Amino acid sequence: SAVISQKPSRDICQRGTSLTIQCQVDSQVTMMFWYRQQPGQSLTLIATANQGSEATYESGFVIDKFPISRPNLTFSTLTVSNMSPEDSSIYLCSVEDRKTGGPDEQFFGPGTRLTVL
Amino acid sequence: GENVEQHPSTLSVQEGDSAVIKCTYSDSASNYFPWYKQELGKGPQLIIDIRSNVGEKKDQRIAVTLNKTAKHFSLHITETQPEDSAVYFCAATSGTYKYIFGTGTRLKVLA
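Top line first, the protein sequences correspond to chains H and B.
Under our numbering, the first residue of the first sequence is numbered 966, with each subsequent residue one higher.
Under our numbering, the first residue of the second sequence is numbered 162, with each subsequent residue one higher.
Next up, chain B with everything else stripped away, as it sits in the complex:
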């Protein structure tokens, strides 16, 4: 069945460094890829997304890249700050409402 693999499961970086989280999807029909940030005790917050007709999207310190051939997409956070510490989830969907979520990455930004 459809599957989204996410790596790494945990990631520690020094403040100011960059962080990269990678996801691989199995359904070649997937065409929408959102990323969510979940802080402790809160619901997931949509931080950036990308559709299959583009290869890269940026929003200030965060960017997402998509490689449709390899079926993987990545989240890039530059100049990390302590408030970036959270669990990040990727997801993929093939044009329906049903999202397939990755297993999550716990990011710790060390001051």
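Bound conformation, chain H alone:
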């Protein structure tokens, strides 16, 4: 499986500021995703990071709040903009190397633990 790293692993930020999270994969992958996991909760998909084009956002998430870049097949960034305490969560990058016509395994990075004061 792909090896995924995220930076930073954790951060404490002041409200109103922005944080950019990086996701690096050790091999080229077709699909990269960003998830949010609020404290003690399940995983919610924020968006699909598309290489060379704008990200595809899920309902309830917008580009102005969570701008995403994906300049190549191994790297993506997620920015959490104008943060408030409600943005305190774990942000997870995941990848899927689609080889078949159907769903393939998704693998997750270690996560970025964000606390907003």
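Worth flagging that the hints you see were computed from the coordinates, not collected in a lab.
Only a predicted model underlies this, so the values are computations on that prediction, with no experimental measurement involved.
Just so you know, not all the hints are guaranteed correct.
[Unchecked claim] If you want the footprint, here are the derived chain H segments under chain B, 3+ residues with CB under 8 Å:
#	stretch
1	995-1008
2	1069-1075
[Stated by the list, open to error] Cross-link-like lysine-lysine pairs, in silico, BS3-like; alpha carbons within 30 Å at most:
#	chain 1	residue 1	chain 2	residue 2
3	B	K218	B	K198
4	H	K972	B	K259
5	B	K259	B	K229
6	B	K218	B	K183
7	B	K198	H	K972
8	B	K183	B	K198
9	B	K203	H	K972
10	B	K218	B	K203
11	B	K218	B	K259
12	H	K1030	B	K259
13	B	K269	B	K183
14	B	K269	B	K229
15	B	K219	B	K229
16	B	K232	B	K183
17	H	K1030	B	K203
Glycine is no exception: its CB is placed at the ideal position from the N, C-alpha and C atoms.
Since the structure of chain H is provided, determine the placement of chain B on it from the hints.
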């Protein structure tokens, strides 16, 4: 909309006993069902998965069963060990990248 229910939310077992976690999905088009283990401070780790064309899959002490008619699938862990203690998530997808996750089960294995 699509939904995955997961039970129980917490589960405590004695070391050596078996643990079973159950999930029910709503979308009859779902065809891929992965299970993830999340240890404290780490990202979810894929531990086993099953596709809709099989009813059961085993990997050493863990197994997953799927009942398409009833739209539910279960994770079975035998001979539990303290290192099995974690939060387990089920998920379902209908052939796209979008996973619908269950709400998680916190498993505690008591030594």
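Okay, the hints, checked on the actual structure:
no. : hint               : verdict
1   : 995-1008           : holds (count 5)
2   : 1069-1075          : holds (count 6)
3   : B:K218 <-> B:K198  : holds (17 Å)
4   : H:K972 <-> B:K259  : holds (24 Å)
5   : B:K259 <-> B:K229  : holds (19 Å)
6   : B:K218 <-> B:K183  : holds (15 Å)
7   : B:K198 <-> H:K972  : holds (22 Å)
8   : B:K183 <-> B:K198  : holds (14 Å)
9   : B:K203 <-> H:K972  : holds (13 Å)
10  : B:K218 <-> B:K203  : holds (26 Å)
11  : B:K218 <-> B:K259  : holds (23 Å)
12  : H:K1030 <-> B:K259 : holds (21 Å)
13  : B:K269 <-> B:K183  : holds (16 Å)
14  : B:K269 <-> B:K229  : holds (29 Å)
15  : B:K219 <-> B:K229  : holds (18 Å)
16  : B:K232 <-> B:K183  : holds (11 Å)
17  : H:K1030 <-> B:K203 : holds (25 Å)
Going down the numbered hints, you'll see the structure goes against none, and every one checks out.
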